[in-house]
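Chemist: One line per chain: the protein sequences are A and B, in this order.
One rule links them: number in our numbering = place in the first sequence (from 1) + 75.
One rule links them: number in our numbering = place in the second sequence (from 1) + 2.
Since the hints were derived computationally from the structure, they do not count as laboratory data.
Treat each hint with caution, since some may be false.
Stated by the list, open to error - Taking lysine-lysine and the DSSO-like style, the derived pairs with C-alpha atoms no more than 30 Å apart in a straight line are:
(1) B/Lys37 <-> A/Lys131
(2) B/Lys42 <-> A/Lys111
(3) A/Lys163 <-> B/Lys123
(4) B/Lys84 <-> A/Lys111
(5) A/Lys117 <-> B/Lys37
(6) A/Lys191 <-> B/Lys123
(7) A/Lys131 <-> A/Lys111
(8) A/Lys149 <-> A/Lys163
(9) B/Lys42 <-> A/Lys149
(10) B/Lys123 <-> B/Lys90
(11) A/Lys131 <-> A/Lys191
(12) B/Lys90 <-> A/Lys131
(13) B/Lys123 <-> A/Lys111
(14) A/Lys131 <-> A/Lys117
(15) A/Lys117 <-> A/Lys191
(16) A/Lys149 <-> A/Lys111
(17) A/Lys149 <-> B/Lys90
(18) B/Lys131 <-> B/Lys42
Stated by the list, open to error - What the simulated footprint calls covered on chain A by chain B, stretch by stretch (three residues with Cβ under 8 Å from a Cβ of chain B suffice, anywhere in the stretch; the number is not a length):
(19) 80-93
(20) 103-110
(21) 139-152
This structure is a prediction, so every number in the text was calculated from the model and none was measured.
No residue lacks a Cβ here, since even glycine has one placed at the ideal position from N, Cα and C.
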Amino acid sequence: MNYEDRVDLEIIEDLLEMSDEDNPEFFADHLVRFSKFMDENKQNLIDAIQGCERGKVETIAHSMTGSSANFGAKYLAELCRSLEQNAKSMDSGEMKLKYGDICVEYDQFSAYIRRKGA
Amino acid sequence: MGDQLAEDVFVDLTFATVPRILVAEDSEDVRELIKACLEKAGNIVDTVEDGSQAINQFLTADYNLVILDFIMPEVNGIEVLKTIRATKSSEQLPVVMITAKQKNSLVIEAARNGVNDFFVKPLRPSFIKERISNLLMSLDDGEIADILLNLNLPDPNELNPELNRKLQELSLSAYPFTHKEVKCCAIFRTGKDPRYIAGLPPDRMIQEVVLYGKGGFLWNVIWPKVNSSDSIACRDYLNVEEYLFEKLK
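Could you put together the complete structure from these sequences and hints?
Modeler: Next comes the structure, spelled out in structure tokens:
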């Protein structure tokens with residue numbers, strides 16, 4: 076499977092084009108903000124899962140869904156949305172599995188997007 | 003020329019002529035993305051992180067447009083919208099709300115409370131710029147007229163020697179531009195803060211005014227305006243662009 080099937084190339088190209096003479100560091104800065112946000116929220120998410128705080132899991136997963144989608148991380152957004160929508164019915168083990176999937180996809184997307192922005 | 007022009011424009015074109023937009027969004031990455039898109043299009047942008055800050059900001063500054071996230075800490079987007087609509091109609095101050103596809107109930111509530119438009123996530127920079135530009139375009143004919151009528155150059159019809167010399171050097175155009183024409187093109191073509199355009203070095207100004215303008219500006223911006231209005235702004239605008247179009251095509 077081509078990794079680019081998992082991303083929204085139109086959004087990524089749009090974001091890359093935002094870096095121009097007026098704002099050459101836009102994409103790099105935006106990537107830093109995205110990474111910081113995701114890293115913080117991944118930690119918050121696993122804390123909420125371990126504490127079985129389902130409402131908090133929903134809220135955090137919702138935020139991660141939005142940020143991922145806005146960065147063109149289509150599949151990552153789907154995983155986060157799935158956790159957001161199913162948090163109430165999942166047990167802790169299922170949520171941890173989904174969290175694992177999110178972490179793996181996040182790492183893959185990070186590597187991909189850094190190559191694109193380089 | 004650049005410094006003098008920048009100074010003139012700074013005096014004449016107040017902040018009231020450059021669209022000022024308030025963005026209320028709690029996610030930093032989304033907030034900064036929208037801000038960058040709007041600033042790139044020449045708008046002045048203020049950002050806040052929650053609904054209560056949005057209301058405070060709305061009460062203390064004069065905006066041309068407000069963009070609100072639905073779900074924010076303290077006060078949510080719908081409450082901010084209701085506060086705005088208590089004093090400003092949708093014609094007086096457009097409000098755009100950011101929503102996710104699945105939040106239909108929120109969309110209906112916003113529509114009932116006078117929202118003008120929605121940004122549906124995921125947000126695409128090109129879409130944001132286009133939609134906001136359209137919203138502002140539909141409202142600012144009066145402001146455009148003010149800009150054109152109040153151009154206060156020593157002589158608006160005086161040629162712009164530096165720019166024209168450069169145009170000739172680059173074989174882009176032998177036709178001379180006046181100050182007024184350059185400024186008009188810059189303002190209308192880019193939608194950017196005219197002080198920014200006026201302060202550009204000649205090479206960049208040419209790029210902004212001429213090269214990009216030739217491609218899509220005439221068709222996307224000028225003709226719809228000419229057909230929909232006979233204001234002084236549009237007549238001046240048409241003259242400038244006919245002038246450019248004839249010489250650059």
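Chemist: Evaluate each hint against the coordinates.
Modeler: Status of each hint after checking the structure:
no., hint, in the structure
1, B/Lys37 <-> A/Lys131, "28 Å, holds"
2, B/Lys42 <-> A/Lys111, "24 Å, holds"
3, A/Lys163 <-> B/Lys123, "24 Å, holds"
4, B/Lys84 <-> A/Lys111, "34 Å, violated"
5, A/Lys117 <-> B/Lys37, "26 Å, holds"
6, A/Lys191 <-> B/Lys123, "22 Å, holds"
7, A/Lys131 <-> A/Lys111, "19 Å, holds"
8, A/Lys149 <-> A/Lys163, "23 Å, holds"
9, B/Lys42 <-> A/Lys149, "26 Å, holds"
10, B/Lys123 <-> B/Lys90, "26 Å, holds"
11, A/Lys131 <-> A/Lys191, "33 Å, violated"
12, B/Lys90 <-> A/Lys131, "36 Å, violated"
13, B/Lys123 <-> A/Lys111, "20 Å, holds"
14, A/Lys131 <-> A/Lys117, "12 Å, holds"
15, A/Lys117 <-> A/Lys191, "23 Å, holds"
16, A/Lys149 <-> A/Lys111, "19 Å, holds"
17, A/Lys149 <-> B/Lys90, "38 Å, violated"
18, B/Lys131 <-> B/Lys42, "8 Å, holds"
19, 80-93, "holds (count 7)"
20, 103-110, "holds (count 4)"
21, 139-152, "holds (count 8)"
Checked against the numbered hints given earlier, the structure breaks hints 4, 11, 12, 17 and satisfies all the rest.
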